[in-house]
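Colleague: What follows is the residue order along each chain.
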Amino acid sequence: MADLRVNFAGIKAPNPFWLASAPPTNSGYQVQRAFEAGWGGAVWKTLGDPILNVSSRFAGTHFGGQRVAGFNNIELITDRPLEVNLKEIYETKKRFPNHAVIASLMVEPNQEAWHEIVKRVQDVGVDGFELNFGCPHGMAERGMGAASGQVPELVEKQTYWAKEVAEVPVIVKLTPNITDITATAYAAVQGGADAISMINTINSLAGVDLDSWNTIPNVAGKGAHGGYCGPAVKPIALNMVAECARHPELNHIPISGMGGVSDWKDAVEFMLMGAGSVQVCTAAMHHGFSIVEDMIDGLNNYLDDKGIANLDGLIGKSVPKYSDWGNLDLNYKVVARINNDTCINCNKCHIACEDTSHQCIDMLTSADGKPELRVREEDCVGCNLCSIVCPVDGAIDMVEIPNGEPMTWNERQNAIKLTV
Amino acid sequence: MHLNRVKNKKISLDDLRANFIEIEPALTQKEAMDEANRCLYCYDAPCIKACPTDINIPSFIKKIASGNLKGSAKVIMEANPVGASCARVCPTEELCEGACVLNDASLPIMIGNLQRHATNWAIHNNQQLFKAGEAVGKTVAIIGGGPAGLSAARELARLGYEVTIFEAKEKAGGLDTYGIVSFRLPQEVSLWEVEQIEKLGVKILTNTKVGRDIQAEEIIDNYDAVILAVGMSKVPMLGIEGEDAEGVLDAIDFVETTKTPPLDPQYIGKKIVIIGAGNTAIDAATCSVRLGAGDVKMVYRRTEAEMTAYEFEYEFAKQDGVEFRWLTQPTKIVKDESGKVKALECVRMELGEPDDSGRRRPVPVQGSEFSIEVDAVIKAIGQTRYVSLIEEFGLDHNRGIVKINTETHQTSNPKVYAAGDVIFGDGQGDAMVVTAAQQGKLTAHAIHKTLMVDTVAVENV
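Residue numbers (UniProt numbering), protein chains in the order written: chain A, 1 to 420; chain B, 1 to 461.
Hints are computed from structural coordinates only; laboratory data are not their basis. Cβ coordinates follow ideal geometry from the N, Cα and C atoms, glycine included. Check before you lean on any hint, since a few could be wrong.
[Unchecked claim] Some chain B residues near chain A, calculated using beta-carbon distances under 7 Å: (1) Glu31; (2) Met33; (3) Asn37; (4) Leu40; (5) Tyr43; (6) Asp44; (7) Val101; (8) Gly292; (9) Trp326.
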């Protein structure tokens, strides 16, 4: 059994699987149930001024018969009084002293307001804070959440105010609704953040009802944009985590990664790309808290199989492999090769290549009269499309072909400059 | 038919009707969506090639998945005018599902059931899927309103022909309406297909027997083309003593009595023997069980390996409790004083040298005679041909199998075409509903090509 304990910017937890600040962490009852189920930490649903919510709040994006490929919400921060939340945080921490309880905070961009809430909340014994600069709907219209998270100066200033009084680590949660997330990440670091977390949800409209023409979800016939999350956003989140992790001026600041983490494999990917912990919401909302059991078990088995003793052996290990396009080897070549013993002859690779890529997969008949798909390797550009659409594992391999000395775009441009 | 989906296997003796309700439940909305989404949407899909009517299966399944059920039903019925019936009666594991690329990778798509789902939608939503073409001023007579005749009629009507079907029975649909057991194909499905075709302006003259109510010559003279699609006739004589006994039944007639209420309670608890082991024999056996018979046996002079029934039919009959007596040849039907069947005398057989059909010839085992006590004997040893009717039309035939030019479906009289079971045999075609449907379709196109040679194109209807 590998050691799954984490020490994330000074916040200790029995494992890296934390519930994100969201509906699952709305109350002490829920967070305690989550800890009983095995979650290592929880970021309490954002505390702030008591809020009103609307009825009809969530919507799922279903795809190809699968429920919740993506998830959209227009729910705001906690709508329960601060005193009630503080009492429950205190009780939860008392019952689970070794689990990480982190309070998510959002107040107006005002030094006094930040000082007040930080002090009040840390008095009940939280392990850390997460500043919510990311919530894209509702709160943003009042100048909070993403509205301040999209302005680097406001991120820096508010982080600084929180840090002025905080005695526990401060994580800054970033919004993805911005062109370059490293800019706001940098601002958070400048403000003194102990860690950053990402991504918050992405501006979204889940759908339009074909009969009523109402938005999905709708509130009395009207809709407003929500925040998108769930499996569909994982690649966006993973890139943002990786961009921050490899950014030289972010000083290796710890990153709590989230956005579509649904199982231990997603978690491993986020950790390889630099996340020191992962946060989960949609998967728990879809299936309940018990999913953490396989996250822990799967991660454990994976680490054991790899002979890795603890998470330090994992975190950030793929970051050096993530670079800019200009550093990719232009001479590297892979081609598709079809394994006809495994191929089931659905011809999806053929039509994908023929209609939408490089027309290099032929439908032939083998010597014994059987249908056979074959790649004309000289015309294959190694785009991967055929292996992506292939429904059977192992039927198409992308095979490396020797193709001369490595040469990146940047090297090529430098070489051209030298010769001129 | 997917036997693992058959839920209620209990036979009711109190309410025989319950035994004749379609045994495989329709797919639920969720099952249909899950299954439709599982389809890979193959390119140049083998299921299409395996379908005798060339239904674009990936297309209709994709349409189910996208919620376009009208479009889905149209894709099916366009290619196969009796596609709702075929969804239920096709031996799909031998055709589309047998060709599905997922057979080895996981499980084949339930194409038949998805086809049933889409066509059910059309039935339940009263959809008229096609309309008649602009009149071309030509007339076609079709003898026989079964799958081949209906299919030809539908295509011709869409091409603008004035079509008249001469149907001997009270209702059209042929075997789909009268000959396929209700628990696999409810009559209303076949009648919906008939209605779809009638709504295109096709005139169906029921209770009209050619040779009795109208003469062949009159039809040939009064129409621009004629299609003979009369199928096959009764079960032949066994040629054994006692065959005239009361209680010796023709399997086709026997199944037909179960297609329209009321169901006959006289077989409850009785002993029934079916002679033969083909599709119809299985139907007769399972109908017997469902009519409450207490002991149902099938006797066949060859073995399990030579039986012509499909594997799923055999399995289904076994699940229904039908017993099989292989290598058993009936030799005599014993009557009681009142002339009613009492016993079936049989002799055991063994397989000898291969015969003309390539199957090993069964030969009697000396001294192996035995007798089975019975209340009824059902003959299911094939079907005879409408030889005299074929001769009234003056068509060349081989023992009732009408000879055609396979390119044009024309008989020895170029004005008369033939399709369906009437041309089945001598290595020509298959006796499946779906084959008949395709032949009807092709015959319609052939007629159009001949009659409209210089005018309209077949496409763009």
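Colleague: Against this structure, judge whether each hint is valid.
Modeller: Hints, verified against the model:
1. Glu31: Violated: closest Cβ of chain A sits about 11 Å from Glu31 of chain B, beyond 7 Å.
2. Met33: holds, 5 Å
3. Asn37: Asn37 of chain B check passes; min Cβ-Cβ to chain A is 3 Å, inside 7 Å.
4. Leu40: holds, 5 Å
5. Tyr43: holds, 4 Å
6. Asp44: Asp44 of chain B check passes; min Cβ-Cβ to chain A is 5 Å, inside 7 Å.
7. Val101: Interface hint status for Val101 of chain B: holds (4 Å vs cutoff 7 Å).
8. Gly292: violated, 42 Å
9. Trp326: violated, 35 Å
Violated hints, listed in ascending order, are 1, 8, 9; each of the other numbered hints is respected by the structure.
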